[in-house]
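Protein chains: 2
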Amino acid sequence: MVSKEMVALASKRSVIREIYEYGQQRQLIVGKENVYDFSLGNPSVPAPKEVNLCVKEILDQYSAVEVHGYTVAPGDPSVRETIAHSLNQRFQMDYKKEDIFMTTGAAASLNIVFRALTNPKDEFVTIAPFFPEYQCFVTAQGGTLKVVPADIDTFQINMEALENMITPNTKGIIINSPNNPCGVVYSKETLVELANLLKKKSQEYQHTIYLISDEPYREIVYQGVTVEYVPHIYKDTIVCYSYSKSLSLPGERIGYIAVTKEVEEYDDLMKAIASAARVLGYVNAPSLFQRVAARCCDMTGDISIYEKNRNLLYDGLTKMGYTCVKPGGAFYLFPRALEEDAVSFCEKAKKYDLLLVPGDSFGCPGHVRISYCVDTKTIENALPLFEKLAKEYGI
Amino acid sequence: MVSKEMVALASKRSVIREIYEYGQQRQLIVGKENVYDFSLGNPSVPAPKEVNLCVKEILDQYSAVEVHGYTVAPGDPSVRETIAHSLNQRFQMDYKKEDIFMTTGAAASLNIVFRALTNPKDEFVTIAPFFPEYQCFVTAQGGTLKVVPADIDTFQINMEALENMITPNTKGIIINSPNNPCGVVYSKETLVELANLLKKKSQEYQHTIYLISDEPYREIVYQGVTVEYVPHIYKDTIVCYSYSKSLSLPGERIGYIAVTKEVEEYDDLMKAIASAARVLGYVNAPSLFQRVAARCCDMTGDISIYEKNRNLLYDGLTKMGYTCVKPGGAFYLFPRALEEDAVSFCEKAKKYDLLLVPGDSFGCPGHVRISYCVDTKTIENALPLFEKLAKEYGI
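So the sequences go chain by chain: B and E. Its first residue numbered 1, the first sequence is counted upward by one per residue in our numbering. Its first residue numbered 1, the second sequence is counted upward by one per residue in our numbering.
Mixed in with the good hints, there may be bad ones.
When chains are identical, the list treats them as one kind, so a pair holds in a single copy or across two.
As the list claims (entries may be wrong) - For lysine to aspartate or glutamate, the following DMTMM-like pairs were computed, each having C-alpha atoms within a straight-line distance of at most 20 Å: (1) Lys121 x Glu5; (2) Lys49 x Glu193; (3) Lys56 x Glu66; (4) Lys49 x Asp60; (5) Lys271 x Glu133; (6) Lys12 x Asp267; (7) Lys199 x Asp151; (8) Lys146 x Glu347; (9) Lys391 x Asp360; (10) Lys32 x Glu66; (11) Lys391 x Glu340; (12) Lys201 x Glu189; (13) Lys350 x Asp360; (14) Lys348 x Glu123; (15) Lys271 x Glu18; (16) Lys271 x Glu5; (17) Lys121 x Glu204; (18) Lys4 x Asp267.
Please keep in mind that the hints were generated in silico from the structure rather than gathered at the bench.
With these hints in hand, go ahead and build the complete structure from the sequences.
Okay, structure coming up:
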């Protein structure tokens with residue numbers, strides 16, 4: 001009687017949430033310190049202290065009617081101007097405030113963009129491993145998602161497979177670099193090759209294929225690695241951003257969509273974005289945190305903690321014999337499971353209270369996601385258990 | 001190329017926004033104090049001072065990771081418990097925390113509910129005058145909206161017209177009392193009659209017709225008027241609430257959906273609500289303001305200001321000869337235009353810099369909406385102009 005589709009979706013329980021809930025139960029039995037929960041991508045580094053200072057400052061500076069009132073739908077103009085300016089400074093861009101549309105986080109950014117772009121029969125393509133919510137979002141907004149199998153040796157893009165998947169119905173390609181779940185950052189070469197392919201295919205099919213760059217992890221990147229600013233490489237890029245990870249504000253739901261004026265059909269696209277935000281009920285991005293984001297847009301939480309965790313875990317596991325592409329950013333490691341069936345491997349890991357997520361959820365079987373946004377101590381204590389687990393497999 | 005539907009929607013400009021923007025321009029020419037902008041429903045009363053105090057308290061009490069982190073999708077459990085308790089105390093209900101689903105404001109509540117309920121071909125019915133965004137939201141979530149013409153003498157419900165509009169495809173009825181745009185509160189008699197009709201029709205068609213009660217103005221109600229708590233009168237009611245108006249927090253986007261366990265298919269409905277919130281990208285309601293809402297859920301802004309404005313405007317206009325149903329709540333007056341064509345009437349009013357919204361936007365031609373969430377002084381100064389306008393019509 002209620003929506004069959006929505007009830008059916010609920011029965012496909014989130015694997016990540018199930019593991020997390022198992023961990024919560026398990027903690028009651030063996031104690032919190034003995035459960036190594038690597039399931040959730042919830043930032044463990046606190047927001048920079050400036051965030052709370054800004055909140056208080058803003059409350060003191062503005063009247064309540066002003067700070068808690070509606071903003072115009074794309075967001076407070078001075079907020080958008082500040083963010084445009086910051087992007088211009090950092091990435092040598094030329095954004096104006098009207099190119100920035102403030103949103104209720106990355107999930108909102110993506111939904112709004114999919115709704116803004118999608119006509120009947122439109123398809124989107126993403127690259128495994130990929131964030132599984134893309135499937136829900138694209139479908140909810142009337143499109144179809146196709147997935148390019150992972151290049152498991154590099155987690156860059158298998159261009160041949162991608163090329164074969166592009167059809168006259170392809171409206172956009174979704175990329176996510178630094179990547180959840182594998183932490184890999186696309187190289188400049190990868191992006192240039194991707195841009196060339198999309199230009200060729202756009203020409204072939206006589207319509208633009210948009211590149212949707214989902215980049216909540218853009219600022220979480222480690223020594224020696226550069227995250228290219230994608231619009232420099234492919235002009236028809238729509239940037240979907242969130243402050244959830246960089247400022248450790250995932251609960252506050254604040255982000256933006258950025259579109260340069262060079263993007264094909266800029267005017268219609270911006271109109272469609274505004275309409276999409278409207279019909280989906282995203283009246284305006286939360287008003288206080290719009291202002292907080294503007295004031296803190298050049299900051300991040302203490303990334304060095306994640307880098308330390310990455311090094312400890314990557315070095316530890318590879319030394320034990322695990323196979324893993326070294327992540328350049330985000331806070332995930334995505335090693336191969338020690339048997340073909342990652343689900344079965346994760347079950348074995350559970351015996352040691354190591355809670356990992358099978359790569360199957362991310363369109364990449366045979367691997368496991370380890371979220372290392374945890375206390376460094378958790379990793380130190382988990383390493384001997386990873387070693388015992390490896391020994392079970394004779395490694 | 002981008003979504004045709006979304007671009008087309010953008011071309012249908014919001015009448016309210018156009019009037020507001022005209023007013024902003026006009027202020028530059030004749031001065032802010034000489035423009036009587038009654039177009040927007042933006043609360044003019046500040047949030048209770050406790051709101052900002054709570055924000056600061058919460059930031060000081062909790063760690064940043066806790067307060068700005070993800071909450072579970074339905075919202076922080078203790079927040080939901082507090083809100084359930086408050087509803088139980090105030091309306092003699094028996095909500096538990098699992099019956100409350102925190103949302104990013106009323107627009108989100110409604111979109112989530114429509115998506116959760118709608119199967120192909122489903123229809124929803126609302127009663128004119130009605131909030132025009134219902135049309136966008138229902139359509140965006142796959143349903144069709146039908147509108148019962150207004151009973152312009154009372155703005156209660158024309159039951160016969162409603163009965164004729166209910167079909168085997170009717171999934172739900174949307175009501176909004178106190179009403180935007182007319183400020184009328186449905187009487188107990190109206191609601192009982194509505195409930196009886198829906199019970200009869202549910203039985204006739206052998207499926208439940210849900211009542212979606214959109215009640216952001218529930219607490220904005222004046223002396224001598226009672227807003228019934230709808231689930232007492234019709235058990236299959238889904239309450240969609242927002243703190244935008246009661247706490248004057250429209251920019252912060254915080255509200256909830258409340259469903260009693262007596263509602264038909266409760267389990268599936270709650271699952272579908274969670275799925276709908278997920279696919280629409282509403283990861284969780286803004287985390288800090290979830291906690292603020294819980295701490296302030298028994299408060300409101302200073303309603304007496306709106307009541308004073310209502311009295312001044314209603315008494316003033318009716319004395320001049322305007323015809324108007326007396327509003328019992330919200331902050332809107334919806335008098336008849338002094339000629340058949342409300343659009344033309346609003347154009348005439350513009351000569352006096354009185355900015356009113358034609359009722360056509362709300363499915364009720366021949367009327368105008370006056371939003372009196374403005375300074376009392378604005379109303380005092382506008383009254384002589386309303387009198388001049390009436391004189392033009394020989395009244």
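Each hint tested on the structure:
1. Lys121 x Glu5: both (19 Å within a copy, 14 Å between copies)
2. Lys49 x Glu193: neither (41 Å within a copy, 56 Å between copies)
3. Lys56 x Glu66: both (15 Å within a copy, 18 Å between copies)
4. Lys49 x Asp60: both (17 Å within a copy, 12 Å between copies)
5. Lys271 x Glu133: between (25 Å within a copy, 17 Å between copies)
6. Lys12 x Asp267: Between copies, since 15 Å is at most 20 Å while 39 Å is not.
7. Lys199 x Asp151: The answer is neither: 22 Å in one copy and 58 Å across copies each exceed 20 Å.
8. Lys146 x Glu347: neither (29 Å within a copy, 52 Å between copies)
9. Lys391 x Asp360: neither (24 Å within a copy, 74 Å between copies)
10. Lys32 x Glu66: between (44 Å within a copy, 17 Å between copies)
11. Lys391 x Glu340: Only inside one copy: Lys391 and Glu340 sit 16 Å apart there, 85 Å across copies, limit 20 Å.
12. Lys201 x Glu189: within (18 Å within a copy, 64 Å between copies)
13. Lys350 x Asp360: Within. Shortest intra-copy distance 17 Å satisfies the 20 Å Cα cut-off; inter-copy 62 Å does not.
14. Lys348 x Glu123: neither (38 Å within a copy, 50 Å between copies)
15. Lys271 x Glu18: Intra 40 Å, inter 16 Å, cutoff 20 Å: inter-copy only.
16. Lys271 x Glu5: between (30 Å within a copy, 11 Å between copies)
17. Lys121 x Glu204: within (18 Å within a copy, 38 Å between copies)
18. Lys4 x Asp267: This pair counts as between: shortest inter-copy Cα distance 13 Å, intra-copy 37 Å.
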